[in-house]
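This is what each chain is made of:
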Amino acid sequence: MRSSRNLFIASILAGFFLLAYSCSPGACFDETTAFMKASLYSDSTGNLTAPDSLSSWGAGMDTSKIYTAQKSLKQALFPLDASSESCSFVIQINDVYDTLTAWYSTYPHLISKECGYTFYHNIDSLNATNHKIVRISVTKNSITTLSEENIRIYY
Amino acid sequence: MKKTYAYIISLLVLISTGDIIAQKPAAVEPHEGNIMAPKPAAAEPPDTVVIPLAIRAGIDIAGPVIYLTDKNNLTSEGYLSVDLNEKRSLFFGGGYSNYKYSQYNYNYHTNGVFFRAGVDFNLLKPLTSMGKYWAGVGLHYGISVFTYEIPELSSENYWGTTTTSVSSQSHWGHFAELTPGFRAELLGNLSLGWTVSLRKMIYSGGSKDTRPIYIPGYGLSAKAFSAGINYFLVWNFRYKKINVVIKKEPPEEPDEDVTPQTNSGSGNNQKMEP
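Going line by line, the protein sequences match chains F and D.
The opening position of the first sequence corresponds to residue 388 in the working numbering, with each subsequent residue numbered one higher.
The opening position of the second sequence corresponds to residue 180 in the working numbering, with each subsequent residue numbered one higher.
Keep in mind the hints are simulated off the structure, nothing from the lab.
Warning: the hint list may mix true and false statements.
Examples of chain F residues toward chain D, derived with CB under 10 Å [stated by the list, open to error]:
| no. | residue |
| --- | --- |
| 1 | F416 |
| 2 | T419 |
| 3 | T420 |
| 4 | I453 |
| 5 | L467 |
| 6 | S470 |
| 7 | S492 |
| 8 | Y494 |
| 9 | P495 |
| 10 | H496 |
| 11 | G503 |
Straight-line alpha carbon distances no greater than 30 Å define the calculated DSSO-like cross-link-like pairs of lysine-lysine that follow [what the hints assert, rightly or not]:
| no. | chain 1 | residue 1 | chain 2 | residue 2 |
| --- | --- | --- | --- | --- |
| 12 | F | K424 | F | K527 |
| 13 | F | K424 | D | K387 |
| 14 | F | K424 | D | K402 |
| 15 | F | K500 | D | K402 |
Being a predicted model, the structure only gives us computed values, none of them experimental.
Here a beta-carbon is modelled for each residue, glycine too, at the ideal position from N, C-alpha and C.
Let's have the full structure, built from the sequences with the hints guiding it.
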């Protein structure tokens, strides 16, 4: 009987240990921003090709660049404005300026308890000027934190 | 991962505890002057043992203790179990949970009730448990009825900070749970014990984008498995006694294959007497 009681006390203590151990907080290691991911293609060859130089910023946000004379960039990441139904980007490819405009819907998405929420988007339509850009196409209209191509820019 | 470790450690404690207790009655006590002497008849375990069956009412004391350290997490729960025999009990549990969570970019609030039902199995031998000790495992099915809301969530990117909210939504959650544990009678009709709960989500409710973070009775819903621990204070109301037949292990038979040739030199068919 004494042995059983000692084992019981030991098991109660083990239970307290488990209780304390199971209450440890976690941390966020996931991507938390959903970018519109645009792959850059050469219109002449049809291949994924990085331009000599690419700069980009949001329309009306000239002082805050997304890319500044970026070289060897084959996929550009454009953050959409979650508080609006559309936004525009100025894209400078090899010193020629174009404007890309996206129309989309926005909804909140839970990443995890630790990382919280972000905003996902669904692309409704796209438009671009054609100074350097020849054409654009949508390959996946759901914009998430996953590493998936959303649009293709042919220049 | 930490909860998995906790579960494994608990299982090891449970298994070792049950094993040691179960072996105790079979231990051979040495007698003075002849360590191999046969045990007297009075020391042998009885052929039958009387086990009291009980209806048990338990309340969890871990939830209120956690609430003292974390005012955002209140869970109150209890259970009722009815012994069917010395091994099996029907289990009915329920509770209430109110959970709040805040961090830099969102606030979350959920509350609701949950119910569990299933069967508990006592793995101890009747001679060890005597209706007082329980070391075993429960198989339960759980249902949670809850509402949750996100009063404020925000996200910041290149364009600035966007803030919105998700209004209150009601959902049902379904889960199954495995609950190894330990319980012992302290005094009179009062018992104390703990169980580790390893739960498997079956259905969590909500859309995939704004799914509930926390489900009352289940815990954090992000993972397919959830682990938790309960400390129960239990009142036992005995309603019946049953006689349980103790299965005696057959005594070891002497090795009949021993031949005179193996006992070289003696020429006699000797048996190893205890």
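These are the hints, each one checked on the structure:
1. Nearest Cβ of chain D to the Cβ of F/F416: about 13 Å, over the 10 Å cut. The hint is violated.
2. Contact between F/T419 and chain D, as hinted, is supported at the beta carbon level, the nearest pair being about 8 Å apart and thus within 10 Å.
3. Below 10 Å, beta-carbon pairs count as interface contacts, and F/T420 has one with chain D at about 5 Å; its hint therefore holds.
4. For F/I453, the interface hint holds, the least distance from its beta-carbon to any beta-carbon of chain D being 6 Å, beneath 10 Å.
5. The criterion of a C-beta within 10 Å of any C-beta in chain D is met by F/L467, whose closest approach is roughly 8 Å, and the hint holds.
6. Satisfaction of the interface hint for F/S470 is found here, the shortest Cβ-Cβ separation to chain D being roughly 4 Å, below the 10 Å cut-off.
7. Checking F/S492 against chain D by beta carbon gives a least distance of about 12 Å; that is not within 10 Å, so the hint is violated.
8. Nearest Cβ of chain D to the Cβ of F/Y494: about 6 Å, under the 10 Å cut. The hint holds.
9. Against a cut-off of 10 Å between C-beta atoms, the interface hint on F/P495 holds, since the closest Cβ of chain D lies about 6 Å away.
10. A least Cβ separation of about 4 Å between F/H496 and chain D falls short of the 10 Å threshold, and the interface hint therefore holds.
11. With a cut of 10 Å, the hint placing F/G503 at the interface with chain D holds, because the nearest CB-to-CB distance is about 4 Å.
12. Using a Cα cut-off of 30 Å, the hinted pair F/K424 and F/K527 holds, with the two alpha carbons roughly 10 Å apart.
13. Restraint check: the Cα-Cα separation between F/K424 and D/K387 comes to about 22 Å, which is no more than 30 Å; the hinted pair holds.
14. Between F/K424 and D/K402 the alpha-carbon distance is near 28 Å, which keeps this suggested pair within the 30 Å criterion.
15. Between F/K500 and D/K402, the direct Cα distance comes to roughly 11 Å. Compliance with the 30 Å bound is thereby established for this hinted pair.
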